[in-house]
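Residues in the sequence shown are numbered from 1 upward in steps of one, following the UniProt record's numbering.
Rather than coming from a laboratory, the hints here were simulated on the basis of the structure.
Where hints are given, some of them may not hold.
Between beta-carbon pairs, the in silico distance windows are [said to hold, decoys possible]:
#, residue 1, residue 2, range
1, Thr149, Glu243, 34 to 44 Å
2, Asn87, Asn199, 22 to 32 Å
3, Asp38, Val294, 45 to 55 Å
4, Gly295, Lys18, 44 to 54 Å
5, Glu172, Asp12, 15 to 25 Å
Taking lysine to any residue pairs in the SDA-like style, the calculated list, with each CA pair at most 20 Å apart, reads [said to hold, decoys possible]:
#, residue 1, residue 2
6, Lys92, Thr149
7, Lys9, Thr42
8, Lys330, Asp206
9, Lys240, Asn331
10, Lys330, Leu176
11, Lys209, Gly148
12, Lys333, Leu300
13, Lys250, Gly116
14, Lys244, Asn263
15, Lys304, Lys330
16, Lys155, Glu172
17, Lys230, Tyr246
18, Lys171, Asp206
19, Lys250, Lys171
20, Lys244, Glu228
21, Lys104, Gly148
22, Lys37, Lys171
23, Lys92, His32
All C-beta atoms in this analysis are idealised placements derived from N, C-alpha and C, irrespective of residue type, glycine included.
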Amino acid sequence: MGAKIIMEKIFDRNSTVKEAKNYKPFAEAVEHIEWGKDEEDTLEEIARRVSPSWNPDDMAYGLNRLAELCYNDTEVLQQFYTDEEKNEDPEKKNTALFWFPTGKKAPFAISIAGGGYNGVCSLMEGFPVAAKLNEMGINAFVLDYRAGTDDAADKSEEDLHRAIQFIFENKERFQLEDSYAVVGFSAGGHLTAEFGTDNRGYKTADLPKPEILGLGYACVNLEFTEEEKKQQLSEDMFGKNREKEYYIAKRNEFTVLDHISSNYPPAFIWHTMEDELIPYEDNAVAMKEILDCVGVRNQLKCVKHGLHGLGLGTGSEAQGWLEEAVAFWKNQK
């Protein structure tokens, strides 16, 4: 069932982390949301302190949709690993799906936030996008995956595959059509982009092909940066204190650009030219060129100005990218 509408919004840019964490309907979900270090920080202060690209109004927008759902007794938090699986591997307790239903049978999308494989920024990226998708009549899930652990890239990929399997196993309960998209940002964009590859994607997991992948400032080229940053990236994705040859082999395995064929899903790509963390030309442009070469339909939205991490992008030059992505999706049917 879809949630009833609460006319009065509970959260705004001046809401504190403490207020959000203490909101009783969030009780089960709190541990699966990364809130920042200081509970007295407002959403606006989190954005100012951590990343000027984060929009506190978008954060509040996503939280308010989550509050609507929780308040009306929607089973927002969904566990896709069994208790037995989590007991065998306790790290799997750090995973979940947030369910954002529309209340009717419809296509669905999975929203995957970034965080450099050290965390999962669903508050800033995942929730606002899921809320906007609901407004457009699309059911949504937000993935909380394992990060900040050794072999985070492998483990998060396992989480995504298992989550999608779980969703399809329960599609009648969730009121879902078979049509689906995966949308990710930064490291979550890398995880999303990997899902289309020949070596580690949907085919290897025996999962249905998504109708589109949405790649927001996604890292698809792991060889784009200087050695010091490359080493840090390797440690974050593949674990610390490994041999150089191991890191080289893993980067080759996980560089999306090297594993694309005509089987890749249609892709909507967007990226700012000023991105200070993931270079536009080496990632977004390179991705488009390879997709063009293998004959995969794609669309690149070039955003001239803006820093890394815009998420939904309200108030920035990227605003409207999600509507464009959904229009692209509809054109694939």
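Query raised in the report: Hint by hint, which ones does the structure fall short of?
Result: Per hint list: 1, 5, 8, 9, 11, 14, 15, 16, 19, 21 and 22 violated.
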